[in-house]
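Work out the full structure: start from the sequences and follow the hints.
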Amino acid sequence: MTLLLDVLTTAVILYGVSAGLLIVFGVMKIINFAHGALLTVGGYAALLVTALGLNPWWSLPFAFVAGALCGMVIEKLVMRPLYSRPLDAILATWGLGIVIGQCITLAFGRGVQFVASPVTGAIAIAGNEYSEYRLLLVPVVLGIIALLAWGLNGTRLGLLTRAVIMNEELARSLGINSALVRFATFSVGAGLAGLAGALITPLSSVDPNMGVPWLVSAFMIVMLSGTSLLSLGVSCLVLGGAQVMVSTWANPIVGGMTIVIMSAVILRLRPEGFGRG
Amino acid sequence: MAELPVSTPSRAATPVVPGPSRQRRLVLPAALASLALLLVLAAPELLPTYLVNILIRAFLYASVAITVDVLWGYTGILTFGQSAFFGIGAYAAGLVFTHVGFDTGLALAALAAGAVVAMIVAALVGWLAFHPGASPLYGSVITLVLPIVVTQLLYSGGNFTGSSSGLSGFESFELSIEAWFRIAGVFLVVLTGAAWIFVRSDAGRILEAVRDDEQRCAYLGIDVSRVKVLLMVACAAIAAVAGWLFACVQMVVAPEYAGFVFGTELLMWVALGGRGTLIGPVLGTLVLDVSTSYLSGALPFLWKLMTGLAFVVVIIALPQGFLPALLALLRRAWKLPAAAAALPPVTLQAAEPQPLSGLQGAGHYALVVEDVRRHFGSLQVLQGIDFHVRPGELLSLVGPNGAGKTTLMRCIADGAERSSGRIWLNDHDIRRLPPHACVALGAGRKFQNATVFETLSVAQSMRVARTRLSPPSMLRRATELALPAAALQVMRATGLDQQLDAPCNQLSHGMKQALELAMVLALEPSVLLLDEPTAGLTQAERTLIGRILVELTRDHALCVLLVEHDLDFVREISSRVIVLHQGAIVLDGSVDDVVHSDLVRNVYAGGHAPVAGAAS
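Going down the list, the protein sequences come from chains A and B.
For the first sequence, the working numbering assigns the number 1 to the initial residue and increments by one for each residue that follows.
For the second sequence, the working numbering assigns the number 1 to the initial residue and increments by one for each residue that follows.
Bear in mind the hints are in silico, worked out from the structure with no lab data behind them.
What you are looking at is a predicted structure, and each value in this text was computed from that prediction instead of being measured.
Some but not every residue of chain A turned toward chain B, in silico, with C-beta under 10 Å: (1) 85; (2) 208; (3) 220; (4) 260; (5) 263; (6) 268; (7) 271.
Cβ atoms here follow ideal geometry from the backbone N, Cα and C, with glycine treated the same way.
Here it is, written out as structure tokens:
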């Protein structure tokens, strides 16, 4: 039972962490390597909320806004010239990640800090104690997914975004302002990264490089998922499940490699991953 | 375009500007290399000890940066993983010295072991990352996975690998730091020189061709995956040697040296210095690593912030890096000509014909297509195509858009394309062979859009096209270019032989079409697959290409398969016509048969029933 909960919550966390990257990759075909740094931004936004003594729940909207603001600036200043050079964009966003990480270090110091959790304690499920916060993540992330799905499928901007995902040339020739769609997408993607950063901080701690390990997992999962929110869910369940099981039954360090190795092999055998290609 | 005299000699008759002789061209690089060697040998006496220490490390990092530049700057493989090979070399020394002991023999054994392990890992990584059809992004993903896996393994190695703190305190060569400085410095200078010779050699052009257009390379008979894997293996060995030296000097190894962050740092140095310049990455690494050592104490986080910022700015605004930008500035200041003038002059020659090289001889049929089918999901694009073509036939494939003409061409030149059925080229079954192997069986395919190597010159492109039949030198640049008669004929007729030094991206559309045709003919194919070779050309150019094709089939017994929409053009040059409609052959006969067929008229007028007699 604990194992099952572990799988579920791990998958949910991975989903939250990867969603922003997926949205950006889907629309722009660009890997945002600053995603890890944006997670960190979210983590520190949560830290600020704690420091101000506000209700920890405030950290979620606050982190989203902080991430989205960073995203807006990045899109305007950095991403625009790089849309035609996707491999260079990886490098530039990685450099940007360093810049953001160093700014955070300058402002907050390099030490490890802790954030207040909105809920603490454990809950008894089927005779086992389980962390209440981890469980709470499930409905929270599902809610975010539902919002995203609604945003993509139920709004006009979502419709335009899907048009740009499918065929940008055509969308542009039909008069869709793809620059605006890109701007909005990148901002939302960055916002989601910030939000995810705030969500994961109560589980661990906050430090200027907290985003990097998450970035790699999220990157691999997005490679595997293509551009669909549904296949992202499948990838997160499969890889999160594999990671939990390997960590439980073999050893946690090997478990840490499960996601990257499995993704690499699956992509070798099936280049379209879990997406429909 | 007027027809040019066919017999124009390439260079001899044109007023030749005396290019710098081979000796003169080598003077400057040789002088620079000697100067660098002298500096490296003399410097440790003059520099402060701290700087000497830092520079030893920087020299070794710069050696790895060179391999990153060859892979990324020249070949276009964005790799995050060279750090892993550096780490493997370093840990080979660290592990042997810690657990076995130290003596010179053991040290050399560790060096060999590190290099071999690195090469095996590189071959494995290459097999994963560069399989035919792998996207460049996937290749980068794999090179990203590699250092992560290596560091995790090091972490989980317990006392054996020293886990997160690494290994230290082991014995090593008892040399002064001045001696180490000289060893590392000479290693770097020699490596830079060797890399410089290699990337400027004729073989080095293949790297750039792969970077420019991998697909075109494959259809020129170059095994792109093999090229990349071999390059990866060689670069891994070099990085491992640098890592081994590092462990011997520093007497400490740690997982960070194999990690992904170090891998990206290497990329940053290369990008800042100037990718694809070799010297730029070396200088970039030296300057950045040394200044980081001095400044990170005074400005702990600010310095890293500034380098990160500089990196982002360079990637956006100066994608070629600092060195090329600096050189361009200097050149403008002294009004020097651009570097392109340094290319050695090339003279064209006729090559010994090697038709069907490697095959047992021409078959009875040049091409046999038997029940070939191709479907994409439920969409049937080809439904059972059967035909035979003899050498010397000029067969045109006609049919409305979506009839499956280009798909059929693709199936003939790439064994992996068709869903079922069999194809023989010169009586050799193509099975599931990849494009470069089909080239070896005699296929030569020209694409629908003119595809040329944008950054190469005309002569360099032609030499890349000859890779399979006359392998290029890895050391020097030949001044003669031997081409088969057919390719020479196309070049002379179109005037390409007057523009041998012109960069391909400056050619007109018609010239690009002609160059691609010449490149394909340089393969000495026996089955020439041409997909709308005259699209976008003027009437005069069409006539010219048509005449050349007729001569090729007549004089060289080539089998030409032509996809064309222009029925007048088809009528003029074809010896046989196949009409495709909705993925099936509706007519196979002479030009007259087709011209007088009601069926064909019906097909082109938009009829839907591919049945004889259905004409209204």
